[in-house]
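Single-letter residue listing:
4 protein chains.
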Amino acid sequence: MADYVKDIFWKPNIKVKEIVDGFESLGFQSINLSKASDILYKMKKENAKIILSFPSNLTTTGLRGLFAQLINLDMVDMIITTAGSVEEDIMKAIGEKFYITRFEADDIELYEKGHNRVGNLYITTDSYMKLEGFMHVLLEDIYKEKNYLATYELLWEIGKKLNDESSILRQAYLKKIPIFCPAIADGAIGFHLFMAKQDHKDFVIDVIEDFGKMIHSLTHDDKKGLIALGGGVSKHYALLATLINGGTDYAIYITTSSEYSGSLTGATTNEAKSWGKISSDADSITVRGDATILFPLIVFNALDRLYEEGVIKYDK
Amino acid sequence: MADYVKDIFWKPNIKVKEIVDGFESLGFQSINLSKASDILYKMKKENAKIILSFPSNLTTTGLRGLFAQLINLDMVDMIITTAGSVEEDIMKAIGEKFYITRFEADDIELYEKGHNRVGNLYITTDSYMKLEGFMHVLLEDIYKEKNYLATYELLWEIGKKLNDESSILRQAYLKKIPIFCPAIADGAIGFHLFMAKQDHKDFVIDVIEDFGKMIHSLTHDDKKGLIALGGGVSKHYALLATLINGGTDYAIYITTSSEYSGSLTGATTNEAKSWGKISSDADSITVRGDATILFPLIVFNALDRLYEEGVIKYDK
Amino acid sequence: MADYVKDIFWKPNIKVKEIVDGFESLGFQSINLSKASDILYKMKKENAKIILSFPSNLTTTGLRGLFAQLINLDMVDMIITTAGSVEEDIMKAIGEKFYITRFEADDIELYEKGHNRVGNLYITTDSYMKLEGFMHVLLEDIYKEKNYLATYELLWEIGKKLNDESSILRQAYLKKIPIFCPAIADGAIGFHLFMAKQDHKDFVIDVIEDFGKMIHSLTHDDKKGLIALGGGVSKHYALLATLINGGTDYAIYITTSSEYSGSLTGATTNEAKSWGKISSDADSITVRGDATILFPLIVFNALDRLYEEGVIKYDK
Amino acid sequence: MADYVKDIFWKPNIKVKEIVDGFESLGFQSINLSKASDILYKMKKENAKIILSFPSNLTTTGLRGLFAQLINLDMVDMIITTAGSVEEDIMKAIGEKFYITRFEADDIELYEKGHNRVGNLYITTDSYMKLEGFMHVLLEDIYKEKNYLATYELLWEIGKKLNDESSILRQAYLKKIPIFCPAIADGAIGFHLFMAKQDHKDFVIDVIEDFGKMIHSLTHDDKKGLIALGGGVSKHYALLATLINGGTDYAIYITTSSEYSGSLTGATTNEAKSWGKISSDADSITVRGDATILFPLIVFNALDRLYEEGVIKYDK
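Chains as they are written, first to last, in our numbering: chain W, 5 to 320; chain H, 5 to 320; chain F, 5 to 320; chain X, 5 to 320.
Quick caveat, the hints were computed from the structure, so don't treat them as lab data. Misleading hints may appear alongside valid ones.
A pair holds if it fits inside one copy or across any two, identical chains being indistinguishable in the list.
Derived DSSO-like pairs: lysine-lysine, alpha-carbon spacing no greater than 27 Å straight-line [what the hints assert, rightly or not]: (1) Lys117 - Lys179; (2) Lys164 - Lys15; (3) Lys180 - Lys10; (4) Lys164 - Lys150; (5) Lys101 - Lys317; (6) Lys15 - Lys148.
These figures come from a predicted structure and were not determined experimentally.
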């Protein structure tokens, strides 16, 4: 770790790796970002089981492809996310596009056009209708094979049917890493499952089954690493998974929230140490800012290092 | 609505109602707070079905009593919250206390004492053990009567057993208002349910059953009002409930997050209009700040007005 | 100080004093707010010299009247603010009104109407023209008497001419408390002074003279109390005043910013202790939130206590 | 501008230019960052007069070198900053180092060591003493030549004496671009000037003289571009400079604050349009986040484009 501030200068064609290395001695959140990248590198080097949690708004963005790639690169051993992520990953996998607008867009005008806004992006109502059609058929098929599933099993079944290597569900299925969605009913997919249940009263998605899978996917003895992007239920469940298994050894939080209102979303990695969710001696950092900027920087720097050392491969 | 700024002055013994009325012409978030109080008043006057959502950190605070009182006063028709809220409401109902510390407390020291920090509060590990004992017996009893429940039915069963009028679950049970917890497995209670399931493989909590109850608890024709404190899964599910039923007519958001990262937690009531979650012509406001300060001010002002007009009663 | 969380309940007609007292055991920022009110009470009880700093956007709001009242009640011994505050205090004193709009207003439409937006408020271009006319005459008069002034002397001269007891400048003049504006040229008033200088090359406002006055208005031996609302230059200069005089004994910060970007505006009272701006053993608190809501609550509670004890008087 | 979201993927050795280009179609603040970079590129291509404002905490960081480099590259035509920036730029120029600590450091321990904290950095009291010695001699020398100076003249005089090409003041002097510090007395340098004045009563720094220079450094006819990092007095004065000269044609704001409290620091570029500070048809964007991360990304991308096109040179 750098011990004093160094001036930063531009030169032509600087690489992401170089700029993130330079952040180490720049100041404020750039230092935290640099540290996060180093922790990610160490997680992998130390063969930690890596848990990645993120809310659905990040799946709305282009980070969705990076999440899928990280699974494919064996950089992730457990995914925790929300119903919205599942829906949007599927929509993208079946060819839907999400559009760019402005934060200040006229929301009533958007509503009239069927443009559902998420920050400066929007998803069309038409995409939701395509999803509904797809899910209707898919849930029928799944029910025929099995009428009682844990959520992660449902998500693997979906991933099996998707024909898109950039899909999170697809990669989770291919790599057989558990993907948890503790609030599976909280979204359009909840409605799809409700509709399927109208036809098949004995069709059950059992979230308590996931709990068992979650417990047994990690052990106290494993080195563990947590990457929690944003907050909410996915971060909470990820920390539950680490808590039950003795606390994580590495932790990276990226959040735009602050800690002052006592929310988990804005809480620091230190707070998690009081619970034993993160080990007292863990290597951990909270980086404040938007994950759409911060996460690619952190990942690209760490992957470049791991690639140079031959820990990961790149073939494309 | 005031149209120009008026200076505010102290005089002795001002009432909450007066100061909040004065906020109408003060500036910035005080204006939004005043508007929120007015919207809450109108919701009730117009007999709207009122949906209240909040994350667990607010149940950690003393707002928990106010939530229970609001149900008791017939000010709430549907509750949506998280597993942590359920746990902490029960702990308080069985006599546990939550303690006050500082945001800057030494988390490793806290960990060694079994003090689990939530902002500037903490919950002892001992309280979690008391909860576990209580839940073990309770779930056995519930299983004996019924082995297949929607989450809201489970929560009503718990409320039936609690002997505390300040309990959210107790009041929800007494008033028979649905209380949803879309991520019931995301917390200690998930572990309790998992343990119960180890003994009783056929014990099922079905979150899709809740979906049906949620849909049928409201109608397109009802006037609807939403109060979303904080964000996360509880806010998202509350908006799903309004969306499916034609959009809410009144909406109050209180959040410490900002909209710039595209999270639902920081999103505005306007964003929800693009989805039809909030009606285009709804009376709605987003107030930025900590609900522990803002919500009591909003509620006390509105209840004082409703009480003066005989809409609600106070007997204690 | 409360040691555990207590449920809060509504009853009819609660006073501000009661609700703020109850905040002591509620949670998160409500606890910090309650502590701030207690510190304000102690500052006055201990006869501390009280320094109040605020940026101009708070003078845009109705807090302007409360600031003037606090000076009148001998609750403030030094004011530090910005050029915008000076301008807006004068505008209000000469009869101009500031209007209420929405944060989402159409800014190009506002521009075409001459409505200059400040959050959800606006100031008309016409008010700026009235100010310019007033200042032109006033500066001529002042120049005739004195061509070399410290900023605080200029501000007293202005206060002398204002016929409005709710004016900050007027009350500062009447009570002869120094009012500093370290960036006096940063605003419309900078332009007025520039124009006056075009006619009178020897007309000088000397901000270094203020520095001497600032140093000598406090002593190391005085008990000192600081109330810093928002941040920026006014907060920085206020802390400079306390630093030079041995550090303040009491400090209240109210800010909507967070500490993560290293700005003084979001910095904690703890950070100030590393500089000696706040004494190591000072009674100090940082409250996060909008001062238009928080500051009246803090002040009303403290003044009610001081009034009950006869420390301050109320006659109106 | 991209119209739909595209997945982002890692590949080895990606350049900063590529990742920032990819941000255009990623989501949320990454889109705004990409747009900011494009606006910076256009400013220079269109030969706009570029105004750069920043508070002192950014001079504490390694951005200080980048600011100096931007002046050297003829990318900046006017600088506006605070007293702290001046002090810290000098300290670094005379060989002092600023150190890295943690946001959660023990501030009382730091105080006892003479370590003055700024976020996760600190400046030693010893550095302030070195500065004082340097300034004492320098101000004597300056006084001998000239006893009446505008602030920008004082800063040029200082820059003339500094032997460090990475110094902001040095580069401003060499390029003869005005560097304004509207609150020059608000810092240690205020104390140095006060001490100098004790010896030389006729030593005057006249901030109203700067006002004239500020007005005449730009014209209505110039294309103008504004880069406002952070907020406070430097941002306000920069906007005053653009307002007086007919509004800026390009504007980039980077801020960690939000707009909800009506502060200028958190205000949007839209708000500035209501005042005419930014032209109605300007190309402008507000990026939310920490400038230590965002600003290098924006600059490196834009400079790479300008360098490729031969607009700027790189020789080192």
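Hints, verified against the model:
1. When the C-alpha separation of Lys117 and Lys179 is checked against a cutoff of 27 Å, the pair qualifies neither within a copy, at 39 Å, nor between copies, at 40 Å.
2. Proximity of Lys164 and Lys15 under a CA criterion of 27 Å is satisfied inter-copy only: 26 Å between copies versus 46 Å inside one chain copy.
3. Only between protomers do Lys180 and Lys10 lie at most 27 Å apart by alpha-carbon distance; the minimum there is 26 Å, versus 45 Å within a single protomer.
4. In this homomeric assembly, Lys164 and Lys150 come within 27 Å of each other (Cα to Cα) only inside a single copy, at 15 Å, whereas the closest approach across copies is 35 Å.
5. Neither within a single protomer nor between protomers do Lys101 and Lys317 lie at most 27 Å apart by alpha-carbon distance, with minima of 30 Å and 40 Å respectively.
6. Proximity of Lys15 to Lys148 under the C-alpha cut-off of 27 Å is found in neither arrangement, the shortest distances being 61 Å within a copy and 41 Å between copies.
Comparing the model with each earlier hint shows violations of hints 1, 5, 6; every other hint is respected.
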